[in-house]
Amino acid sequence: MSGLLASLQFSSPYFPVIVLMAVAVGLSAGFVFLSQWVGPKRYDRTKYSEYECGVDPLTTSTVRISVKFFLVAILFLLFDLETTFLYPWAVLYRSLGLFGFVEMGVFVGILLVGLVYAWKKGALEWQ
Amino acid sequence: MTPIAMDTGALVRGLYCILPEMVVIGTAILVLLADLLLPEEGKKRLCHLSVAGVAAAILSALWLGPGKIEGFSGMIVHDGMGLFFTLTILAAALLTLMMATGYSEWEGTQKGEFYALILLSTSGMLFMAEGTDLMTVFLGLETLSIPIYCLVGFHRGRMRSLEGAMKYFLLGAFSSGFFLYGIALMYAAAGTTRIPVIASMMRDARLYGNPVFLAGIGLLLVGFAFKVSLVPFHMWTPDAYEGAPTLVTAFMGAAVKAAAFAALLRVVLLTFPAILPAMSGVLWVLAALTMTVGNFSALLQNNMKRMLAYSSIAHAGYILVGLTAGGVAGGQAVLFYVLVYAFMNLGAFGVIMLVAQREDDGYDIDNFAGIGFRYPVLGGLLSLFLVSLAGIPPTAGFVGKFYLFGAAVRSGYVGLAVLGVLNSAVSVYYYLRPVVSMYMAPAPEGIPVPRPPRSAFSFALCASAAAVLLLGVMPASALEFAERSVLSLLM
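Protein sequences appear in the order of chains A and B.
Position 6 (the first sequence) corresponds to 6 in this note's numbering; numbering is contiguous.
Position 114 (the second sequence) corresponds to 114 in this note's numbering; numbering is contiguous.
These aren't lab readings, by the way, just hints derived from the structure by calculation.
The reader is advised that the hints may include incorrect statements.
Using 27 Å as the maximum straight-line C-alpha spacing, the simulated BS3-like pairs for lysine-lysine come out as follows [claimed, not checked]:
1. A:K121 <-> B:K111
2. B:K44 <-> A:K121
3. B:K167 <-> A:K68
4. A:K120 <-> A:K41
5. B:K43 <-> A:K68
6. A:K120 <-> B:K43
7. B:K111 <-> A:K120
8. B:K111 <-> B:K167
9. A:K68 <-> B:K111
10. A:K121 <-> B:K68
11. B:K43 <-> B:K111
12. B:K44 <-> B:K111
13. A:K68 <-> A:K121
14. A:K120 <-> B:K44
Facing chain A, from chain B, some residues (calculated, C-beta under 7 Å) [claimed, not checked]:
15. I29
16. L32
17. L36
Just a sample of chain B residues kept apart from chain A, beta carbon distances all over 10 Å, derived [as the list claims (entries may be wrong)]:
18. A55
19. E70
20. G74
21. D79
22. P211
23. L479
Note that beta-carbon positions come from the ideal geometry of N, C-alpha and C, so glycine has one too.
When you get a sec, could you build the whole thing from the sequences and use the hints?
Now the structure itself:
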């Protein structure tokens with residue numbers, strides 16, 4: 001045991017990561033078994049029915065959803081990701097210099113073509 | 001903060017080395033923009049624009065030449081092999097787009113996004129063929145795949161098309177996961193994703209004996225096997241090939257396969273010699289299974305598209321025989337066969353596209369009864385392509401198979417070569433079935449009138465036929481080009 005303890009390198013930069021992993025796995029696994037062990041057990045018809053803890057469903061869940069929602073969602077995702085790239089670029093703008101400017105120009109330019117295309121094709125209209 | 005040092009020369013060299021890719025992507029963007037401006041009746045100009053763009057890309061690739069140019073600090077390389085595959089892929093794209101002149105009118109794919117998707121997918125293939133870093137290969141694979149998923153489902157109204165797209169998308173997404181996980185494990189073991197660097201580390205037993213590394217390369221192989229549809233990872237192929245618009249099916253068979261085999265060849269030729277004992281058995285079994293299952297399943301098909309789908313599985317198996325053999329001879333055979341297969345496949349699909357009047361049941365083999373004598377040119381062309389696929393001289397298919405199996409024998413895989421020849425014999429039955437139907441079956445009353453091809457379509461068919469015959473009769477220069485390409489990779 002003492003040999004094992006001695007072999008642990010507490011100074012290693014990865015040591016906290018291992019501790020974090022151990023705690024995370026231990027906690028999540030522990031709670032599963034703990035709730036099984038400590039929790040009250042009442043098995044009856046209501047307990048086994050679907051949606052036991054909720055409102056009774058009013059209609060079926062297979063509803064047709066207009067494709068407009070998907071279009072907007074996809075466009076949102078696209079330009080949201082664009083901003084994700086723009087922020088770190090803006091922070092490092094000075095050190096990236098001209099290269100960074102041109103690179104981002106190409107990136108935004110290609111996305112701009114996409115925006116123009118989507119706009120002209122009527123993807124942004126909501127009728 | 002100090003400015004990050006930027007090497008202008010290296011940047012320019014990098015851009016120079018991806019010139020063909022940039023031309024293709026630029027054309028795709030132009031097509032999208034032109035689609036907005038052109039009126040409905042002028043949409044066929046989009047097709048002309050795409051053809052011109054791909055032709056320009058071919059010229060730029062030739063201009064770069066076979067010399068080795070590394071770009072983006074070794075993420076991508078334009079070398080002899082890159083050039084060979086770039087030309088193969090671009091030729092396949094060019095023929096596809098030329099056939100699109102007619103097909104788009106008949107089947108309602110005369111749309112900007114159709115051409116833009118084909119071009120973007122082509123750019124992904126080029127990146128995949130020239131990537132020397134596993135990450136570049138992966139990015140190329142994704143850029144290739146996502147437009148193809150959309151293209152397979154392009155006929156939104158047809159259930160088969162949607163079904164094929166869904167199956168291809170789900171399995172393709174899974175395979176991408178396998179691929180990426182394989183790269184991650186290889187990175188964990190080797191500390192790099194550069195293919196040449198990994199190859200140079202392969203002499204170290206600590207790497208090739210490392211189970212993590214072997215698991216990684218296994219998963220990578222699974223990812224590739226999905227894309228080139230090796231048995232047992234082929235389940236999506238018949239449905240996706242049958243459901244896709246026929247033009248897209250032809251493109252998938254010719255170009256997607258070429259790109260995936262390009263990257264696979266780069267990985268295998270460079271890294272496998274060291275782990276051959278562990279891997280040759282795997283490749284052997286994959287090749288044997290793929291050939292056999294592909295051919296025997298094709299025997300049972302009554303739909304031309306499904307039959308050619310299973311035949312494409314079988315052909316992936318033949319190509320894998322060359323890959324198993326490895327070395328210069330194996331690599332040369334693989335390169336030559338991929339080129340030949342692109343022409344045979346596109347040609348065969350081109351002819352059946354003209355004869356079949358409608359998707360789905362138009363492609364039944366019975367539909368081809370009596371075509372042969374009524375329309376001698378079409379009958380002759382289809383017979384030529386099918387005979388070449390079966391591997392009968394004097395066509396290119398024969399020369400290709402000869403070199404594949406020859407390489408296998410020379411590397412000591414005699415059993416595999418025998419299996420391949422037996423499989424070819426089996427395949428003759430189903431390749432000649434449409435020919436028999438065309439020439440010997442009694443012609444029904446309402447014999448289908450093939451569509452009158454546009455001039456570009458006829459040109460594409462004639463060019464494919466000429467390539468199949470020329471490469472069959474005078475294969476020397478193409479074989480020599482393939483050999484030099486492989487040597488340039490191994491140097």
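| query | Given the hint that K43 of chain B pairs with K111 of chain B, does the C-alpha gap stay at or below 27 Å? | reply | holds, 7 Å
| task | Grab the minimum C-beta distance from I29 of chain B to chain A and call the hint holds if it beats 7 Å, violated otherwise. | result | holds, 5 Å
| said: Next pair to validate is K111 of chain B with K120 of chain A; report whether the Cα-Cα distance is within 27 Å. | reply: holds, 14 Å
| chain A contact restraint on L36 of chain B - CB to CB distance below 7 Å | With Cβ-Cβ at 4 Å, under 7 Å, it holds.
| field | Least C-beta distance between G74 of chain B and chain A, which was stated to exceed 10 Å | value | holds, 19 Å
| field | Pairwise hint evaluation, K111 of chain B against K44 of chain B, where the allowed Cα distance is 27 Å at most | value | Within the cut-off at roughly 8 Å; holds.
| request: For the pair we were handed, K120 of chain A and K44 of chain B, check the Cα-Cα distance against 27 Å. | output: holds, 19 Å
| Is K44 of chain B close enough to K121 of chain A, meaning Cα to Cα at most 27 Å? | The hint holds at about 18 Å.
| request: Let me know if the C-beta of L32 of chain B comes in closer than 7 Å to any C-beta of chain A, holds or violated. | output: holds, 5 Å
| field | 27 Å limit on alpha-carbon distance, applied to hinted pair K167 of chain B and K68 of chain A | value | holds, 24 Å
| said: Verify this label for me: D79 of chain B is non-interface relative to chain A, using a Cβ-Cβ cutoff of 10 Å. | reply: holds, 26 Å
| Taking only the CA atoms, is the gap from K68 of chain A to K111 of chain B under or equal to 27 Å? | holds, 21 Å
Figure legend: structure checked against the earlier numbered hints; hints not met, in rising order: 4 and 10.
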